[in-house]
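Got chain A sorted already, so can you dock chain B onto it with the hints?
Protein chains in written order, with the numbering used here: chain A, 1 to 423; chain B, 1001 to 1396.
Fair warning: there could be bad hints in the mix.
[What the hints assert, rightly or not] Computed from the model, here is a short list of chain A residues facing chain B with C-beta under 10 Å:
no., residue
1, Leu235
2, Phe237
3, Pro247
4, Phe312
5, Thr313
6, Pro320
[As the list claims (entries may be wrong)] Here are the in silico distance ranges between beta carbons for each label pair:
no., chain 1, residue 1, chain 2, residue 2, range
7, B, Trp1132, A, Gly317, 30 to 40 Å
8, B, Gly1137, A, Leu264, 16 to 26 Å
9, A, Ile344, B, Trp1132, 28 to 38 Å
10, A, Arg236, B, Leu1133, 26 to 36 Å
11, A, Thr277, B, Leu1284, 55 to 65 Å
12, B, Ala1109, A, Pro413, 56 to 66 Å
13, B, His1186, A, Ile344, 35 to 45 Å
Honestly, the hints are just simulated from the structure, not real lab data. The beta-carbon is built from N, C-alpha and C at its ideal position, and this holds for glycine as well.
Letter by letter, the chains look like this.
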Amino acid sequence: MHIAHPVKLLVEDDLRRNRLTVFFRLILAIPHFIFIFLWTIAVVFAAIVNWVATLVQGQPPAGLHRFMCAYVRYQAHLSAYLWLVGNPYPGFVGEEGEYPIDVRLPGPTQQPRWTTFFRIFLAIPALLLATALGGTANVRVPSSGKSGTYGSGGGGGALGFAVAVLGWFASLAQGRMPKGLRDAGAYSIGYSAQMLAYLLLVTDRYPNADPTAMLEGVERPPQHPVHLVGDADDLRFSRVTVLFRLPLVIPHVVWLALWTVVALLAAIATWFATLFTGTPPAGLHRFLSRYVRYWLHVNAFLYLAANPFPGFTGELGRYPLDLELPAPAIQNRWKTGFRIFLAIPAAIVNGALSWGLGVAAFLTWFVALATGAAPWGLRNFSAYALRYGSQLFAYVFLITEAYPHASPLEGAPPAQPQFDEPA
Amino acid sequence: MLALGTAGWATAALLLWQSSVVPSLRLPHLDEHRYFSASLLRATASYGRFSFVDWVLTTLVQLAVLAVYARKGAQFARESAAGRLGTGMLLGMIGFALVWAAQVPFDVADLWWQRRHHLTHLGYFTQIFGNWLALGGQFVFLCVALAIVMGLARKLPRLWWAAAAPVFIGLALLFAFVSPYLLSKHRLHDPQLQAASVRLERIEGVRHVPVVVEDVHDITSLPNAEATGLGPSRRVVLWDTLVRDFTPREVTVVIAHELGHLAHDHIWKDIGWYALFAFPGTLLIARATRRRGGMARPEAVPLSLFVLVALSLLALPAQNAISRHMEAEADWASLEATHDPVGATALFRRFVPTTLSEPNPSSFEYALLENHPTIMQRIAMAKAWRSYAASEAQSP
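Chain A with its partners taken away, still in its complex shape:
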């Protein structure tokens, strides 16, 4: 079983957004930028003192621990506000329970001295992923005496940025934040909070990238017609195939490139046919479904989300990380006609997730090589990124008209109607 992480993300947001504060969000946040800039400088010095004290005592002093907790929380609140993951204006002190996107942090506990000593190095992998996800407010503090030389004090990463930009337009238009984007933003904030808490010695538990564990308690979205199936618990990896993963995938890359050329032509034909008849032709739909499934298999292998060498045909049920795709159905002609433009926001999210996927694969490679197994959290994050990519492809190639859902949570299958047994 997977033990719950002591840094817990709490999401009590109702998705409603005030259009006026959304429109002026960056300007409204200016006081916070100044405040977090000063706070970050203080935290840098406090962190050094805290590090020495923890090395000596074996656990962080209570006062410094409280200070760090408040900083981690404040980062989360401010990030949530900036990325439109939360609506209200946040407070300045990082108080617990004051914001709908909050983090619950543990009290000071004993920490192994050797992990404390090497904490800054141990945190680098998590920092890399957090930078790709970008859940912390992007603060820059002077790192040297020369003017104009700065070091980054937080990650303004791809996913957080994509969520913020797309969420801004959506919130202005609808007065609501799309749930998928909100969940994705909340997830990146949660991971960054865990990373920061680890770095600042609030906890000695390493950040967990598992989206399901991070968003525990958040309502699952309805199941997308394009969803993953397979054995979620199989984390075993062959070290040899991990070591040679890049050269081993070359034939698949060549085959995928050739298949992509044909798939693009098939997609154009499908587009015309769907515009005229309202339904994609069954043969082309089947062909494109296989292509999208094959794309998933190859990328799951390449990015170390799955272990075995995939087949070349994109057949259903042949790979541990597989894709369920819908049958051809009637599609709205307007959505079909403008499909390529409608897909742009999803492509932006996919681009952001691809960055995280690359980082996750890079980190998984080392872990899998050393232990013969993939880390649960990273594997699940990779599965999330690949699921989203598959949904985007399925949408672009007219396999479904369901828009990709950005929520890191797996969709809940539709509830089965309950029938009472007749007496």
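Just chain B now, kept in the frame of chain A:
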């Protein structure tokens, strides 16, 4: 049937062995100390010794890795969800990748040795990771080859080898035709060499063969040249290090040598020899893998890799002998075309300090590594040609 096949093979080999070098030509024995200083000979011997030991160790490690893989490799089949063909490809690629990884230390040692002697400017990182494209191409070719073999082995379990060999010969032909187009090169700019190449083309009866230059000075200082292509893709490729560092007279000898390869259809003969080795080679692989269920089964792939490499190693002395035979014919063609044994001798002498080739290597190295006649043999041929030309001139 076997006797018929052997007779056919021998006849074909005899036809391919035909050479335009005068049959009665006897090469004089030359003392290398008369041509090269003692210190240079010591340097080449030292350089050659290390390179040879490195090669022997590489080969032994390669065989050892493949032997272990032949025994244990089949277990990797469980890491595949790719069906029969895909699993075969995976097993082939893993074997190939293991061999590549095992060779890396020896490649690095060889590079260190070459750098130490200022023969290359290549960095260690580039040596190991810079050839990903070429390595990727080899992986793709391996997969295609295994797909062909396994596909045929399923349809023709006992006779797949007879069908596979022609397919591989076809691929070799295709590669020989296409490869000149894949090179990045530019035209020869030197007007003197341009005029010489046009003249030599006419003399050797090889028309419309572009002589081009490939830029390699960034990675090596070694001189080299090659004749490539078939029909319209025929080219003579000179490395820019050769054009830059050697005199026009010496480069002219090289151009004549390469045109000699084309004039005597050596690329075609090369493919002919490949065909002669392909049939028995595939037959032996088919026999060896029968105990593993035959080449239709992915479990046989690791063993087939071992057999293939072992057979290639066994065939190496014969292949080198064939190559040397053709190179000698090209040298002779060059002398016949240029009538310049002095230029040829000067060229061969310069090869020694620039490449640190041993003028007279040991028999073992000669059999296993030398695919050209030795420097002393080449100088001796120039000398022999001079005597032959003189006697021809005197005869009525």
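If you check each hint against the structure, which ones fail?
-> 1
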